[in-house]
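K.L.:
Residues per chain are reported as follows:
Number of protein chains: 4
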Amino acid sequence: MSLAEILRDLVTANRILAHEEVVDAYGHISVRHPDRPDRFFLSGSRSPELVTADDIIEYDLDCNPIDQRGRAQYTERPIHGGIYKARPDVQSVIHNHAYEIIPFTVAKGVKLRPLLHTSAGLGATIPVWDIRQKFGDTNLLVTTLAQGNDLAEALAKNRIVLMRGHGSAVSGISIQDAVHTAVYLKVNAKLQAEAMRLGGEIIYLTEGEIAEMSKLSQTGHGRAWEYWSRRAGAAKS
Amino acid sequence: MSLAEILRDLVTANRILAHEEVVDAYGHISVRHPDRPDRFFLSGSRSPELVTADDIIEYDLDCNPIDQRGRAQYTERPIHGGIYKARPDVQSVIHNHAYEIIPFTVAKGVKLRPLLHTSAGLGATIPVWDIRQKFGDTNLLVTTLAQGNDLAEALAKNRIVLMRGHGSAVSGISIQDAVHTAVYLKVNAKLQAEAMRLGGEIIYLTEGEIAEMSKLSQTGHGRAWEYWSRRAGAAKS
Amino acid sequence: MSLAEILRDLVTANRILAHEEVVDAYGHISVRHPDRPDRFFLSGSRSPELVTADDIIEYDLDCNPIDQRGRAQYTERPIHGGIYKARPDVQSVIHNHAYEIIPFTVAKGVKLRPLLHTSAGLGATIPVWDIRQKFGDTNLLVTTLAQGNDLAEALAKNRIVLMRGHGSAVSGISIQDAVHTAVYLKVNAKLQAEAMRLGGEIIYLTEGEIAEMSKLSQTGHGRAWEYWSRRAGAAKS
Amino acid sequence: MSLAEILRDLVTANRILAHEEVVDAYGHISVRHPDRPDRFFLSGSRSPELVTADDIIEYDLDCNPIDQRGRAQYTERPIHGGIYKARPDVQSVIHNHAYEIIPFTVAKGVKLRPLLHTSAGLGATIPVWDIRQKFGDTNLLVTTLAQGNDLAEALAKNRIVLMRGHGSAVSGISIQDAVHTAVYLKVNAKLQAEAMRLGGEIIYLTEGEIAEMSKLSQTGHGRAWEYWSRRAGAAKS
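Protein chains in written order, with the working numbering: chain A, 18 to 254; chain B, 18 to 254; chain C, 18 to 254; chain D, 18 to 254.
Keep in mind that the hints were calculated from the coordinates and are not lab data. Careful, some of the hints might be misleading.
Heads up, the list lumps identical chains together, so a pair's fine if it works in one copy or across two of them.
Restricting the straight-line Cα-Cα distance to at most 25 Å, the calculated cross-link-like pairs of lysine-lysine (BS3-like) are [claimed, not checked]: (1) Lys207 to Lys125; (2) Lys207 to Lys151; (3) Lys207 to Lys128; (4) Lys125 to Lys232; (5) Lys128 to Lys102; (6) Lys102 to Lys207; (7) Lys232 to Lys151; (8) Lys151 to Lys102; (9) Lys102 to Lys125; (10) Lys128 to Lys151; (11) Lys174 to Lys102; (12) Lys174 to Lys151.
Owing to the predicted nature of the structure, the values given are computational and were not obtained by experimental measurement.
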């Protein structure tokens, strides 16, 4: 895939995340530079629904803009830089506050776990990171490299890390993969909350089932990407 | 009804199921061939909202395409083949992941039952099938004939079978009937969950009431079909 | 108000009820003839969102059409006839299955009561009618005059009667009044269910507060009617 | 900011509050006169979604119109007058019935508290005012100066006061600030209810965190304002 195609997909992903209500006024998605693993692309400070190609800024992994041209920046770009530094396998990162997941970031002792086959991409373990543990009272925003690195450490080898009272960081091996995971993170959170209220013991996916699903080609992802793109009013890519 | 009308209704049904949020990126509906009971029609691999007449593929009951013409196929077509083979009375099958029903597929010991007169078509008994019981750890997808046959066996003489951690298969005596049942399956699941939370004992429909409703002509279905078609932007058929 | 204006409002009310999701494919609203209290107007059998002036049929209180002209009829018109006969003060009746109220029709011992000032129009008491009590196992539809009369008896002097496993009948002193009550019945049901789940004792409106609100002029209703009409794409009337 | 700009923002705010479902047919937002602190601006009696520049009326703090020109008035303007008199720091007031907050106004002993970083603007304490305590059985509307003053007294130094069985009054240092707080009040109420149902102890924002967030510049508010304006179909301002 060419850089131009990837950047076009990044704009489409912004629209999809807004349309599927993974993000609202806030939240962002980045992609690693396909040729330079020490760089990534992220929009300047705008609500995802409004992001265009002109808003995309290139960054080094310390979150310095390569060519800012006066554009305002997201203050929370260390979420992205921190994860790209710690996890060479990750190609795309989404930070979001999807409403459905927030309760799982603040309810002590309650674990979010995949129970639906399309949410197997969430992985068997979803850690929760609390910025207060290491940094005390803050405005909860991840604005320093130290905070970004600490978040990445909490993510460890997993796909997703929840952020207490704030949201989540979702990683993927491609933009499409990260978007798919972020959408079904939201769906799974909603369904798990509903299932817990029915009063029975819940049957989650087994580790074996999660492993089997990870062997699937991404055909299904392609179908979903086409569908979400159309819904968001973006051309199929 | 001519084959052309039935295929047009099949496309409309795809749009309705998407618009009423019975399906999202995933899910599919098929119809048995009106003249050849050993054949059925199902879209190639696309999200239901995007399905057109050109996507419809004819299959035999072993799920071999009669005329594939290079189109990608749903891997889960054995859901359809399995049910058509076991149940000569069934003319249409819907596989879906409607969010409202998933909790009832994973909450042990909690039974989904009709409580609303328009959901009498769900039938008195709705079994839950767990692919793991016979096939162990899988990716949960019904991709072999053996799995499709096992699912049909769990369905038995009922209208609907829930699939653990996955969704459901809904059967009908016509496309309109299957769509009506799938929509009100979703509605009933939502309302039953809500009613359970109010804390009182729930009054479900009696078997006698379900039987009385099954005697109704499908006038009401016609009214609903017209309504859903318009909402989905499809011409009335 | 002229008959022409009232019939135009009846069409608008159908659209509003559909747009505000008080009705879906099913449900209907009628209005008493302004000059002949022994007559009422009700659409022929169509989903409310699709009703036009040409669909409106005039009925006597035994639910016989005055001028049917081949149009299909709602089978449940005895809901309307029964209430108009028993309650000379009622000028408009809405039958609906709004999803939010169904749980309160099937959860034994749980009473729906107004807790929001805009839902004072629900009245202090909302009885629940179960067709099975007098008529045994039926298809739950109110299709005979005897059933309509029995429902009206359960309504008694109240504004609303819930129907077990089915929905509700809402009465009003005008189309606007009935629509306002039906919308806030739905809202109140949703909010009461939510409030019950918070775990504290609930503070409902007092009878004195309900009485005070009933003295309000209908200025507020006018504001809401204008708002709902616009949302439903109908001209202000 | 010029008066013209502020009035244009007031119209935009009406549209945003309607589109984000903070208000429905009812609810209103006012702004203090930038040059005359003893005056404020508020629409005449219309649903917020329909408010235009021509509907805006100027008031003194006793809620007398300066130039009514025959326009109907909201009866509840003392909510605004009362708060502007008691709180010179407040520049904008929103009265709303957002459905998500109503349960917290009627569930005894249950406190609404911020748990999400974007809802830090709610403040650490959110009092509940019950009109019945001082004024007995009323129609719950705040229609007298005495009632408005009593409400303002309950608000005290906080950002928000809930009103039992009715809604809330939200204050801000600007229109944008009040809108941001009102939107995230609604979001926080929904998320807190959801979190409470998961069964674990809830981690709320600490007072230190709330204080840290209040130091943030309003860059984020600008991003949200742009986003909400676009969604509501209003030009960016």
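K.L.:
All hints, please: hold or fail.
P.N.:
Tested hints:
1. Lys207 to Lys125: Classified as both: same-chain Cα gap 17 Å, cross-chain 18 Å, threshold 25 Å.
2. Lys207 to Lys151: Neither: 30 Å inside a chain and 29 Å across chains, both beyond 25 Å.
3. Lys207 to Lys128: Both. Shortest intra-copy (13 Å) and inter-copy (20 Å) distances satisfy the 25 Å Cα cut-off.
4. Lys125 to Lys232: neither (33 Å within a copy, 28 Å between copies)
5. Lys128 to Lys102: For Lys128 and Lys102, the Cα distance exceeds 25 Å both inside one copy (27 Å) and across copies (42 Å).
6. Lys102 to Lys207: neither (31 Å within a copy, 36 Å between copies)
7. Lys232 to Lys151: Only across copies: Lys232 and Lys151 sit 21 Å apart there, 37 Å inside one copy, limit 25 Å.
8. Lys151 to Lys102: within (20 Å within a copy, 44 Å between copies)
9. Lys102 to Lys125: neither (30 Å within a copy, 43 Å between copies)
10. Lys128 to Lys151: This pair counts as within: shortest intra-copy Cα distance 21 Å, inter-copy 29 Å.
11. Lys174 to Lys102: within (13 Å within a copy, 45 Å between copies)
12. Lys174 to Lys151: within (20 Å within a copy, 32 Å between copies)
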